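Participant: Sequence:
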Amino acid sequence: MHCCQANVLIRNSDSGSSSSTTTAAAATSSSYSSSSNAVMSSTLVETVSINYEDFSEYFLTCGTCLCSYDGAEHTPKLLPCSHTVCVHCLSRIVASPSPRDDGYFRCPICRDNIRIPSGGVAALPPSFLVNQLLDLMATQRREVIPKCSTHSNQELLFCETCDLVFCTQCTSGSHYSTSVIPAAGGSGSTSHHHTVIPLAVAVKRMSEILCYKANECYSKLNSASEAVTTELHRLEHSVDAAFEEVNRSFEALTELVELRRLEVVAAVEAIRERKRSVLQEQLELVETERSGVEGQCEGLQYQVEVRNITQKISLLNTKIDSLQVLVEPRENCFLKFESSPEAAYSSLCRAVQEYGRVATSRTLPSLCCLEMPTSGGSKPVTHLSTRVFLHTVDYQGHNQVGEHNVSAHIFGRPVKNNPLTVDVCGDHNPHTVYGSKGSGLNQLLQPAAICLDDDTQMLFVADTGNSRIKVLDYSLSEQHHLVGEALAGRSVTGLCVTPAARTLMLVNWRNRTITELTQQGEIVQQFTHQQLQEPTTLTVTLSGLVLVVDSFRILVFSPGGTLAHTWGERGDKDGQLGAVTAICAVNTRGGSNMGDVITGDPSSQAGGADGGGGCAEDGEVVVADHRLQVFTTDGTYCRTVFRPSGVGTGKGPKGTYGGLFMDSNGLLLASRQERTQSCVQIFDYQLGSLIFTIASAESKLKRPAGLAATRDGWLLVLDIANCCIKKFRYR
279 MHCCQANVLI RNSDSGSSSS TTTAAAATSS SYSSSSNAVM SSTLVETVSI
329 NYEDFSEYFL TCGTCLCSYD GAEHTPKLLP CSHTVCVHCL SRIVASPSPR
379 DDGYFRCPIC RDNIRIPSGG VAALPPSFLV NQLLDLMATQ RREVIPKCST
429 HSNQELLFCE TCDLVFCTQC TSGSHYSTSV IPAAGGSGST SHHHTVIPLA
479 VAVKRMSEIL CYKANECYSK LNSASEAVTT ELHRLEHSVD AAFEEVNRSF
529 EALTELVELR RLEVVAAVEA IRERKRSVLQ EQLELVETER SGVEGQCEGL
579 QYQVEVRNIT QKISLLNTKI DSLQVLVEPR ENCFLKFESS PEAAYSSLCR
629 AVQEYGRVAT SRTLPSLCCL EMPTSGGSKP VTHLSTRVFL HTVDYQGHNQ
679 VGEHNVSAHI FGRPVKNNPL TVDVCGDHNP HTVYGSKGSG LNQLLQPAAI
729 CLDDDTQMLF VADTGNSRIK VLDYSLSEQH HLVGEALAGR SVTGLCVTPA
779 ARTLMLVNWR NRTITELTQQ GEIVQQFTHQ QLQEPTTLTV TLSGLVLVVD
829 SFRILVFSPG GTLAHTWGER GDKDGQLGAV TAICAVNTRG GSNMGDVITG
879 DPSSQAGGAD GGGGCAEDGE VVVADHRLQV FTTDGTYCRT VFRPSGVGTG
929 KGPKGTYGGL FMDSNGLLLA SRQERTQSCV QIFDYQLGSL IFTIASAESK
979 LKRPAGLAAT RDGWLLVLDI ANCCIKKFRY R
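Quick note: the sequence shown uses the working numbering, first residue 279, plus one each step.
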């Protein structure tokens, strides 16, 4: 059943009694009341329901043919007697034979004589009231009135106070079973007010509320869309301005280079003109002397005086002696352009590469605020400057230790325990700790290096004290051990996974050998070189170059084991190396398998040098001593990522790095050992900025060395002093 509804609120009260009584009436003639120690009053909202079929039958149906009015065949026409008949019936009445054919017909309802217009029944005026009702019913939402499943004629009601749907006949006039709470200062008798409305009205109201909320959401979304669109336009303007500034800056550089080129070209031209003028002057002098000699020799065949001939011969002999000066050019042809020395050229290239940078910001303006300082009780006064602070908030937010509130709402209503207070601490405690000191199952003895293979999801640990490689899965469950001659002597200090073949590359400092093993422990190749003295760690590039750290230098081997070149100079300046403890090649395609380093005396039982490694394109290599420096694979210094303050000046913290790892998100992870505290530092590799550090108060890192990170954000730290592996979440 469809209905049109009108709401009427009826509320009666008896002020002469200690409690109030509310009577309610409904179109369904249903009501209820209850009595208790305290009378609970209810408000019933009366709804006048009109049956759609009845309304259409009485007002929107032609009384002659009983067809519903429409805008076509049964168009309603208004007769002068104020009755409405469809045009189809009028046409049939006019067309029917009649004893009187004088241009009149009778109204089928009141039998009044109606004159036929000159244009026929179609010229009769339309019934505007019926047409308006038709339009209203066409646009009116037809709602179904919910009925009780047991009492088909009883409309369901809804109590807004109890949030309950009920039938008055099923509940015998009462829908609630609530306890009576005496009012403060009362005699123990009070009332609970209930607002009861038909369920159809409640559904309609909720639908209207839903539409209102949806429109409000749409409004906010439209505002958000406009704001984002405006910001996009501003971004394009900023980009255009940045492009113009970039072009202008580099055009200035180009003009500077072109000016220098013109100066050098002008210098070449000037030197050429100077040399040419000297040589041209000498050439003219030679031509003059030649003309003089030719003049002296003219008519010589006609000379008969021997004395004259002898004098000319004497003059020519003298001239021959003097012409020796003209034989040698007074200026040479040497002219060559020399560029700057290699170091200056490299500095120039580096300066050009580092010239200009793109600055951006993640500040969220809506969270930023202005603050007037109130310390000291000073107030702003005229003619004096006043300081106002602008506090900015980054888009990603500032990591703060302390209590934070988390709020959640469902359908606009808060959930239980909302807001939730979260106590954020600064310590990063390990999720899992694997291993203990020993030689048995799940035990380690002086572990020196760690690396992983994301393809097989296997973790390889150089258990140097036990002369083996322990193979674990990502859940730190032990799988098996690798043993062999290459691992003998408790001397393996470097370990990494090769990027191409996914084999293991390890360094043995005691035997001074580099060995390549399959992940099952079979030897692929093994090589050494006379320049290897105390190799401690290594890394492998994507092209297969093996970079081995040997004290203060780096030895670069080809994939076949041939020494390609060495680089490295001892010192503390940029580009020089201290005692290198870790190395990793930067994988510009994302992801790498870098290992770590152990610092200490390489003659100790476990080796004590490094266990690092990595794989990358032949681009940049990060080398760690007490700082982090970036080189190319051929040893060209690029930049310094991080240098602890005071190091190298005799002041500041003393410490060194133990392991390096470059993850697929451009984060450089480095384990650092200091006297007071050891930690893992997380850097933005491109910016060279320290993002945060990982340090645990409950499970302290005593001597962190090897590092390995999985693609899903887990960091594995090899702690040599504790003979264990600690698993942290770092992103």
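To be clear, the hints were calculated from the coordinates, so they are not data collected in a lab. Computed from a predicted structure; not experimentally measured. Hints should not be assumed to be uniformly reliable.
Unchecked claim - If you anchor each label on the Cβ, the simulated ranges turn out as follows:
(1) Thr507 - Glu486: 52 to 60 Å
(2) His661 - Lys978: 55 to 63 Å
(3) Glu522 - His669: 28 to 36 Å
(4) His682 - Ser639: 51 to 59 Å
(5) Glu547 - Pro619: 18 to 26 Å
(6) His661 - Cys495: 14 to 22 Å
(7) Thr710 - Ala857: 28 to 36 Å
Beta carbons are placed, not taken as given, at the ideal position from N, Cα and C, and that holds for glycine.
Participant: Take the hints in turn and mark each one as holding or not.
Facilitator: Evaluation of the provided hints:
no.	hint	in the structure
1	Thr507 - Glu486: 52 to 60 Å	violated, 31 Å
2	His661 - Lys978: 55 to 63 Å	holds, 58 Å
3	Glu522 - His669: 28 to 36 Å	holds, 32 Å
4	His682 - Ser639: 51 to 59 Å	violated, 24 Å
5	Glu547 - Pro619: 18 to 26 Å	holds, 25 Å
6	His661 - Cys495: 14 to 22 Å	violated, 51 Å
7	Thr710 - Ala857: 28 to 36 Å	holds, 32 Å
Against the hints set out earlier in the document, violations occur for numbers 1, 4, 6.
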